[in-house]
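> Construct the entire structure; sequences and hints are all you get.
2 protein chains.
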Amino acid sequence: MQLRFYPYVLKLAHEFAVAAGSRSVTPGVQVEIEYEGVTGYGEASMPPYLGESIESVVSFLQQLDLNRFSDPFCMEDILHYVDDVAVGNAAAKASVDIALHDLTGKLMGLPWHKIWGLDAASAPCTTYTIGMGTPEVVKEKVLEVEGRFRVLKVKLGSDDDRALVRSVRAVTSLPLTVDVNQGWRDRQKALDDIAWLAEQGVMMVEQPLPKDRLDDLAWLTERSPLPIFADESVQRLADVRRLEGVVSGINIKLMKCTGMREAWKMVNLARALGLKVMLGCMTETSCAVSAAAQLSPMADYADLDGNLLISNDPFRGMQVKDGKIVLASAPGIGIMKV
Amino acid sequence: MQLRFYPYVLKLAHEFAVAAGSRSVTPGVQVEIEYEGVTGYGEASMPPYLGESIESVVSFLQQLDLNRFSDPFCMEDILHYVDDVAVGNAAAKASVDIALHDLTGKLMGLPWHKIWGLDAASAPCTTYTIGMGTPEVVKEKVLEVEGRFRVLKVKLGSDDDRALVRSVRAVTSLPLTVDVNQGWRDRQKALDDIAWLAEQGVMMVEQPLPKDRLDDLAWLTERSPLPIFADESVQRLADVRRLEGVVSGINIKLMKCTGMREAWKMVNLARALGLKVMLGCMTETSCAVSAAAQLSPMADYADLDGNLLISNDPFRGMQVKDGKIVLASAPGIGIMKV
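Heads up: the sequence lines are chains A and W, in that order.
The opening position of the first sequence corresponds to residue 1 in this note's numbering, with each subsequent residue numbered one higher.
The opening position of the second sequence corresponds to residue 1001 in this note's numbering, with each subsequent residue numbered one higher.
Source of the hints: derived by calculation from the structure; they are not laboratory data.
Keep in mind it's a predicted model, so treat the numbers as computed, not measured.
Any given hint could be a false lead.
The calculated lysine to any residue pairs, modelled on SDA-like cross-linking and capped at a C-alpha distance of 20 Å, are [what the hints assert, rightly or not]: (1) Lys1189/W x Gln1200/W; (2) Lys106/A x Met1108/W; (3) Lys1276/W x Asp77/A; (4) Lys265/A x Asp1077/W; (5) Lys1265/W x Asp119/A; (6) Lys1211/W x Gln1235/W; (7) Lys1211/W x Gly1088/W; (8) Lys211/A x Arg185/A; (9) Lys1276/W x Pro1225/W; (10) Lys276/A x Glu1076/W; (11) Lys1265/W x Arg242/A; (12) Lys265/A x Ala1238/W; (13) Lys265/A x Lys276/A; (14) Lys1265/W x Trp264/A; (15) Lys211/A x Gly51/A; (16) Lys1139/W x Arg1166/W; (17) Lys265/A x Arg1236/W; (18) Lys265/A x Lys1265/W; (19) Lys106/A x Leu1107/W; (20) Lys265/A x Trp1116/W; (21) Lys1321/W x Ala1120/W; (22) Lys1265/W x Asp239/A.
Encoded structure:
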């Protein structure tokens, strides 16, 4: 197996503002694994506030010697080896996992959702993320996309979240989800805000409180009229177990959990523990977004809009039609170079 | 998809005596699913004391209408449909699951351990089961097989279990596991017996107490010098969760859990909960045994000797070489008709 990788900076079509800051590019690394003339594509996306970077990903990938494995199908062993190279580096690890899944799926001639026994027609709708901004900017963003999606996701954790939601509601009656990104502090106020949000037609609340405040998240989930999903509180498979009874569901992202194989295990563990499942993404190309989409027929919610936010997508894969996720029939992770 | 099935009674090479009785045949049903010229093979095995029968399996299979599915790869949906037809009927459901995995694996051109990303070389040893009998008969059974296996499994729950173990030890120094099949009643005596067994070179104890006595099993596991595995206490995926902290590991059998797909989910859930995994079987042909063997690279223990006990095996699949499980490279579940 031959591993190749190169930096690829994602250019955002619009400035992206969240609770943590604002930016117009996202660093990324594109990965290829070639084996017997077939190439699998993978990707790492590294939002700066999360700790990885082009330097850290390239440095990680340079340490890998995939030639100690003669068979790309031995993913259990290969990915254990990759995981053991260093702690952290989840996006770097995910890039290898995604490329291996694309490669093996191509060698099998099937897309991974099919290999996993899933029906593409069961893929859910995806939300589209409305980032923070002034009321005018927010209304504009909503009007830009309103006809193309069935649910919008609104980023909260601003100085005036109710104003943000009112702005959105001024121009659309679509169902909404909200993502607080740990932005609220007081659990009683959070509960009051959630009650108000429920009256505004919001269906679900993501990470209302800081990630380590599990007792408060459990308190909130017990009383909340809306399901509460964990995002920052759950990174990898080992984090899922302790969220049972703490939240209603978990947001699984390939860049957090090291890739498709671990994501699949997390989906199955979550369901066995009675947790709902959401699939999310960072700002990514169609490579990683389509990879995540392969699991989407198993998900209750999906926020797979990461490729829609960029202007230099080198691939075409998962589509959104009338708000619904449409998986390509191409093998592997279901993408083609454009 | 075309489903065919016919009774197939397994003839035991030797009388098989366990805590519950003694018999010389095991009822079974062989299943075939044909799709676009390719046939997948499956099997139900129905030890009489477990509640299913040729009548119940045939009656179940006759209710299935697989023509409502155009694609055998949609296993999540197909197996949900099969599961919803009636409660119980685990072996009948497993027969369909196994045939679907054989079929789809053949359509993909790969064996399922490879599709699951596992390395065949990681498959464990299998134990060989020494059934109950007089000291002379037990010694004979051990001597018959001693050179071919690295670990023997001794059935306990008799009137004099220590005599059974002494008989085995009189003729071999191989490591042993024991399967009590719920045969012990007193937890303190069980703990004393386990301490004695540990001195006799026994490595693991299966189902020492009745299946519903979870508190006593937990008490025992906490104090036992040997790992305690649950067999009758765990049937399906929904049973795994409550065994966390109760036993050291679980014995997964396709005929208990409705097949390979659920078994794979159980393996992953068990590991996420810190439970060890064993793969077992009933008296089965190489069809179902090889199907279970596809998961074995993920297992800590395996007792996949079910086909070695019969004289009319219509298939050839998983082999045992020097005590180790050797998976065939054939696609699907890795079997060929003989």
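> Which of the numbered hints are not met once you compare them with the structure shown?
none
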